[in-house]
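Trainee: Below, each chain spelled out in residue letters.
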Amino acid sequence: MEKESYISEIRSKVGVNVNRCYQCGKCSAGCALAEDMDYPPSLVMRMLQTNDISNYNSLLQSETIWLCVSCQNCLTRCPMEIDIPQLMDYMREKSIEKKSINKKSSQIVSFHKAFLDSVKFTGRLYEIGLVAGYKARTLNLLQDMNIAPKMFSKGKLPILPEMVEDKKQIASIFSNTKK
Amino acid sequence: MEIGFYPGCSLKGTSSEYAQSTLALAKAFDINLKEITDWNCCGATAAHNLNHELAMALPARVLALAEKDGMTEIVVPCAACYNRLTVTQHELNQSEELRDKISEVLQMPLSGNLQILNVMQFIDKYITNRIEEKVVKPFEHKVVCYYGCLLVRPQDILKFDRLEDPQSMDTLMKKIGADSMDWGYKTECCGAGFSVSRTDIVAKLSGKIVKDASDRGAEAIIVACPMCQSNLDMRRPQINSYLQMNIKTPVMYITQAMGLAVGLSKEEVGLKKLFVAPTFA
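Residue numbers (our numbering), protein chains in the order written: chain A, 1 to 179; chain B, 1 to 281.
No wet-lab data here; the hints were simulated from the structure.
Incorrect hints may have been included.
Claimed, not checked - 25 angstroms max Cα-Cα, derived DSS-like pairs, lysine-lysine:
1. Lys150/A to Lys34/B
2. Lys167/A to Lys34/B
3. Lys142/B to Lys266/B
4. Lys272/B to Lys154/A
5. Lys13/A to Lys266/B
6. Lys113/A to Lys167/A
To be verified - Chain A is nowhere near these chain B residues, computed Cβ spacing over 10 angstroms in every case:
7. Lys12
8. Asn49
9. Glu53
10. Glu97
11. Asp100
12. Leu106
13. Arg130
14. Glu133
15. Leu150
16. Lys159
17. Arg216
18. Lys272
19. Lys273
20. Phe275
Unchecked claim - Computed footprint of chain A on chain B, listed as stretches where at least three residues anywhere in the stretch have a Cβ under 8 angstroms from a Cβ of chain A:
21. 36 to 44
22. 188 to 195
Beta carbons are placed, not taken as given, at the ideal position from N, Cα and C, and that holds for glycine.
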């Protein structure tokens, strides 16, 4: 039963039938990040098709799902119009839920979390807050120290955050969309 | 005339020259772009990577606010925000269950009938037919137009331009006098949201783009997305160090090039804010 569950769950939650993929490889050929991934997109599709939970778990622990930047090249070129970017979004959420986040990808995940923290407090992105939050999460304290003064002098780094007035509504959006 | 405007966070900070040149260009054509009252961040990559419902609810609030302001049409210059807003409206219109859930979270009605225009659609609809008569200083430079990933995708939702070899920016640049060249990286990814978390990847992907532009003798790379612009421009030191070269091709917003062509000053289009300075303008 466990074997069947993830393919049908993907089908109902994401609307993607993984068995439609016939392994032409166009997605991997066009993927800008494929060479940095542990599993290129066409292999991701093949692993899902095996219906083997250990393959699915490998994907949830993979670097691939965090390296995908959702550029949609794969979807654009797929002859079967399989929505791989949506599939990646889904697997990222599952990976967090199952606490299987790939260790090498922790900086990427930290950045996303710091980004949302910033939006949660101000309703809009506050870049100084984002970078401070990211550095606190990753301890990459000295990163990009030389770019900030130039950004500031060009008026690209506001010191004070832009604030949404209805902060209550933003807070309610965040608390009501928690999984 | 007046049209709704969603600047998004980048245009208030790292890409303020994009906002400045878009507003100035619109004004030169007697169009007032009016900001949506109390707009919020669209959630960007972070939200859709971590939480699908949040990635729908944040843009949905923006759409609901625009409707509340009585707007029927909004201009969204950031290609990434544009993608999130458009995909959200599409998904909510497709699924009643999702729409009910999100309306409940927001406590606001949503009709889902808003016209959402990216910068090229906006220009096409309101400016293109009047551009040639307005050009006072033709932009006579060799350029390549860089569309990036999100301006023309996903096609079944956006239904705008060609996917693999888009033309809208090229056509427009030719109208203002530019020699818009053919090249290989029109829609290749720049590394997008990895600017901070994986700068090495941005240097590599953006490096390939900048190198092809430079090899073909482009005097400028023309863009319509703040994420593309900041990766190709602000990350130039990392790009050049990856390439072991010293490429100085500037990266300009299409609204800046058009603004200059219709006689706006360098200051009015925020040209000095670019990190890699154009030498010709």
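Trainee: Next, verify each hint and record whether it holds.
Mentor: Here is how each hint holds up against the structure:
no., hint, result
1, Lys150/A to Lys34/B, "30 angstroms, violated"
2, Lys167/A to Lys34/B, "22 angstroms, holds"
3, Lys142/B to Lys266/B, "19 angstroms, holds"
4, Lys272/B to Lys154/A, "8 angstroms, holds"
5, Lys13/A to Lys266/B, "50 angstroms, violated"
6, Lys113/A to Lys167/A, "19 angstroms, holds"
7, Lys12, "6 angstroms, violated"
8, Asn49, "5 angstroms, violated"
9, Glu53, "4 angstroms, violated"
10, Glu97, "12 angstroms, holds"
11, Asp100, "13 angstroms, holds"
12, Leu106, "7 angstroms, violated"
13, Arg130, "31 angstroms, holds"
14, Glu133, "33 angstroms, holds"
15, Leu150, "8 angstroms, violated"
16, Lys159, "14 angstroms, holds"
17, Arg216, "20 angstroms, holds"
18, Lys272, "7 angstroms, violated"
19, Lys273, "5 angstroms, violated"
20, Phe275, "7 angstroms, violated"
21, 36 to 44, "holds (count 6)"
22, 188 to 195, "holds (count 6)"
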